[in-house]
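Engineer: Since the structure of chain A is provided, determine the placement of chain B on it from the hints.
Listed in order, the protein sequences are those of chains A and B.
Per this note's numbering, the very first residue in the first sequence carries number 1; after that it's consecutive.
Per this note's numbering, the very first residue in the second sequence carries number 310; after that it's consecutive.
Possibly wrong hints are sitting among the right ones.
[As the list claims (entries may be wrong)] The following residues of chain A were derived to be distant from chain B, with all beta-carbon distances above 10 Å:
#	residue
1	LEU88
2	SER195
3	LEU198
[Stated by the list, open to error] In silico BS3-like links for lysine-lysine, alpha-carbon gap of 30 Å or less:
#	chain 1	residue 1	chain 2	residue 2
4	B	LYS314	A	LYS202
5	B	LYS600	A	LYS11
6	B	LYS576	A	LYS301
7	B	LYS600	A	LYS15
8	A	LYS215	A	LYS118
9	B	LYS432	B	LYS392
Simulated from the structure, these hints should not be mistaken for lab results.
We put the CB at the ideal spot given by N, CA and C, even for glycine.
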Amino acid sequence: MNNLKTTKLNKIIDKVVSNIYLLMTLISASFMLIIIIFILFKGLSPFMSNYQYGVVNFLDFLFGTQYRPDMGIYGVGFIIINTLVSALLALSIAFPISVLTALFVVKIAPQRLSEFMKVVIDLLASIPSIVYGVFAAGIITKFTMTIASMLGVQTYGGTSLLSVVILLAIMIFPTITSISISSISSVSEDLQHASLALGATKVQTNFKVVLLSAKQGIFAGAILGVGRAFGEATAVSMVAGNKMFGPTFGLFNTTRTLTSTMIAGLKETSGLDYDIRFSIGLVLLIIILITNFGLNFIKNKVGKTHEKN
Amino acid sequence: MRKIKDYILNAITYIASGISVLILGVLLVYLLVNGVKSINLKMFSDDYWAKNYLVEVDSDSRNFDSKYNGDDYYIKKYDIAIKDDDKEIVVTYIGENSQFNELKSLTVGDSLGMITPFDVGYKIESIEYLDSNGVISIGGVLLKHNAIEVAQILNENHVNSIYYQSTSGGIKASIINTLILIFVSLLIATPISICSAIYLNEYNSKNKFNQLLSVSIETLAGVPSIIYGLVGITVLFPVTQLFGATTTSVLLGALTMAVILLPTMIKATQVALAQVDQGLKDASLSLGATKVQTINKVVLPGAMNGILSGLLLCVSKVIGESAALVYTMGTFISDTPSLTNQGTSLSLMIYSIMSNDNPNFELACAISLIILVIVLVLNISVKLINYKFNKLGQR
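This is chain A alone, in the form it adopts within the complex:
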C-alpha cells in the first residue's frame, strides 16, 4: 500500500519536474522570438506615419548615402555596402590563411608544433573583442599609417577601411581555423590512402584530396566567421573612423559599418537618434540572415558537385 503511494507520488513529481524543464526550455527558446518581435517593432517604428520624432522615409533610409544625425539625415545604404565590403575583404584574407593553418596543424606539422599551434589558435579565439580593439587602435592603425605613408597616401590617424579589414581578419581567423581543423581531421583515412596508392605525393594528397573532402566543413567555418565579422561592434568602432557619407572603397579612407554606427555616440535613450539604431539592428539581422542563406546555398552546391564527381 505504502509502496503504491510512493509510486504515485513519484509519478506526480516526474510530471511536475518535466513540466518545469519544458517551461525553462520555452523561456530560453522564446528569446529568439522576443528578439525578432522587438527589433521588428522598434526598428520599423521610425517609418510609421504616427512616429512621434518625425517620420523617416523608408527608401531614403535604405538607400541613402549620407548619415548625418546632426542634420536629421539617416541613410544607411552606403553603410550596408561598407559592412559587406569590410566583412568580405576580411574573409578573403582570413579564409586562405585559416585553411592553410588548419591543414598545417592536422597534416603537416610535427606533433609538438601541431600542439603548440592549437594552443595559439585557442588563445587567439579566447581574446575578448575589446582587447583586440585596444590592439587595433594601438598597432594596426600605426601599421596602416606606415603603409599609407609609404604609398604617399594620407590617412586619418590610421583609422581606415584597411584597419577594419585587418582587425576583422584577425578576429575571424581562429573561428574559421578551429572549425577547419575539426573538419580536416575527420576526412576518412581510406580516401587519403587511395590517393597515396595511386602515386600522389603526400602534399598532393593534402591539397587535392583532403581539402576537397573537407570543404563543406570549411565552408561552415567561413559562414560562422562572416557572421562574427558582421556582428563585431566595439573593436571595429575604435578603428572605423565613422565616415558620414560613402560608400568607402578606398582602403585608406575612413569607413562606417552597421555595428559601429549602432554603438557610436550613444548618449540618450530616447528620440530618433536612439530608435534608428534599432532600424540599423534590423538591417544587420537581415543581412546576416541573407548571407547565411547565400553561403549555405553555395556550401550545399559545392558539396553536391563533389559527390557527383
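Structural biologist: Just chain B now, with coordinates in the frame of chain A:
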C-alpha cells in the same frame, strides 16, 4: 620538379601558421610593453576619478624617531617625504605619527572638520602659508615650485592650508561591477540552461515543436551581442525598474548577459549530458528509479565536470563582453558600484577610456592585460577539467 612544388606548398602552410603566431606575439608584446608599467597593486583598490581635498594641518612640532632612509626630499617637521614626478609633487613616505595622518577638511559642507584620507602617491597641489614676514603666500605646483622648494616651505613656515589630490586611474569599482555581473548573470542563466539542456537531451521526443525549440536556441548563439543590447534595454529594462532602477544599470547588464549566456551554457550542458554513459541511465531506470531520480542522481553528477567547464566559459564570456553592455550599463565609469546604477565592467571601462578624445592607452593596455590573464586562466581550467573528464570517461 614535383618535389620543388611540394616544398613550396608545404612552405606556404608554414608561413600561414607563422602569421597567427606572429600576430599573437605582437599583441602580447604590445600589451605587456604598454600595460605592465601601469599595473600595480594600488590600482586594484583605487578609485578611477581623483578626489581633491582642501585641508588644514596641525603645525605643532612633534618628535619623530623617523625610520625614513630614502633619497626623496624629507620634511622633518611632518615626517613625510615628497618627490618630483612629471611636473607633479608626489608623496612617497608618511611617518607613523605624522600630522598628515590627521588632516582636517576645510571644505564647507558635511565633511568640514573631518579627517581626510592621505596616502603615498597622493599629489600636493598647493600650499597656503605665512612666509617669514608674516604675509600669506601660496606655493606648490601651480607656481611651478619643485619638490625641494615645497619641502622648504613646509619645513620653515606656518602652513594655513594644503590642497591635494588623491591617486586616480584605479579599477576597484569596475572589478566589483564585473563580479556582480558574473554572479547575477550566472545565477539566472545556470538553472534555466541546465533545465533546458535536460529537457532537450532527455525528454526530447523528436516532434516538430521540440525541433523548433532547439533550432531557436541554436540561432540565439548566432545573434550578435549588440542586438542583445538593444533587446535588453527594451525588454528587460521594465524588469529592472521593479528593483528601483531609473536608468541603465549593472542589473540590466547582468540580465542581458544572462540571456547572452543561455545558448553557450545550454550547449555546454547538452554536450556534458550526452557524454554520460547510456548504460548507467538504463541501469538506474531498470532498478526502479524514476526518470527524475535518474537525472538527479545519475545523469547530473556524471555531467558535473562538463557543466563546470561550461560555467567557467560563461565567466570568461561575461568578462570579455562589451557591445551589449554599452547599451545596458552605460559607459560612465562610476566609483560607487551598485546594482541599480550605471557602472562599468572591466571591458566596458576599456571602451569608455578608448572613447575619450585622448585615450589613456597605458591604462587600457593594463586592464586588457588583467582581462587577458583572467580569461587565460579560465580557459586553461576548462581544458584541465575536460582533460580529466575525458580520462575518467575512458576508464
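Engineer: For B/LYS314 and A/LYS202, compute the direct alpha-carbon distance and say whether it is at most 30 Å.
Structural biologist: Between B/LYS314 and A/LYS202 the Cα gap is close to 12 Å, so the pair holds against 30 Å.
Engineer: Below or equal to 30 Å on CA atoms is what counts here, so check B/LYS600 against A/LYS15.
Structural biologist: Satisfied, since the Cα-Cα distance of roughly 10 Å is no more than 30 Å.
Engineer: Does the alpha-carbon distance linking B/LYS432 and B/LYS392 stay inside the 30 Å limit?
Structural biologist: holds (10 Å)
Engineer: Between B/LYS576 and A/LYS301, does the CA-CA distance stay at or below 30 Å?
Structural biologist: holds (29 Å)
Engineer: Take the C-alpha atoms of A/LYS215 and A/LYS118, compute the straight-line distance between them, and say whether it is at most 30 Å.
Structural biologist: holds (20 Å)
Engineer: Given the hinted pair B/LYS600 and A/LYS11, is their alpha-carbon gap at most 30 Å?
Structural biologist: Holds, at about 9 Å.
Engineer: Mind verifying the non-interface call on A/LEU88? Its CB should be farther than 10 Å from each CB in chain B.
Structural biologist: holds (17 Å)
Engineer: Are all beta-carbon distances from A/SER195 to chain B longer than 10 Å?
Structural biologist: Non-interface label on A/SER195 holds, nearest chain B Cβ at 14 Å vs cutoff 10 Å.
Engineer: Is the claim that A/LEU198 lies outside the interface with chain B correct, judged by CB distances over 10 Å?
Structural biologist: At about 14 Å from chain B, A/LEU198 clears the 10 Å cut-off, so the statement holds.
Going through the hint list in order, the structure satisfies each hint without exception.
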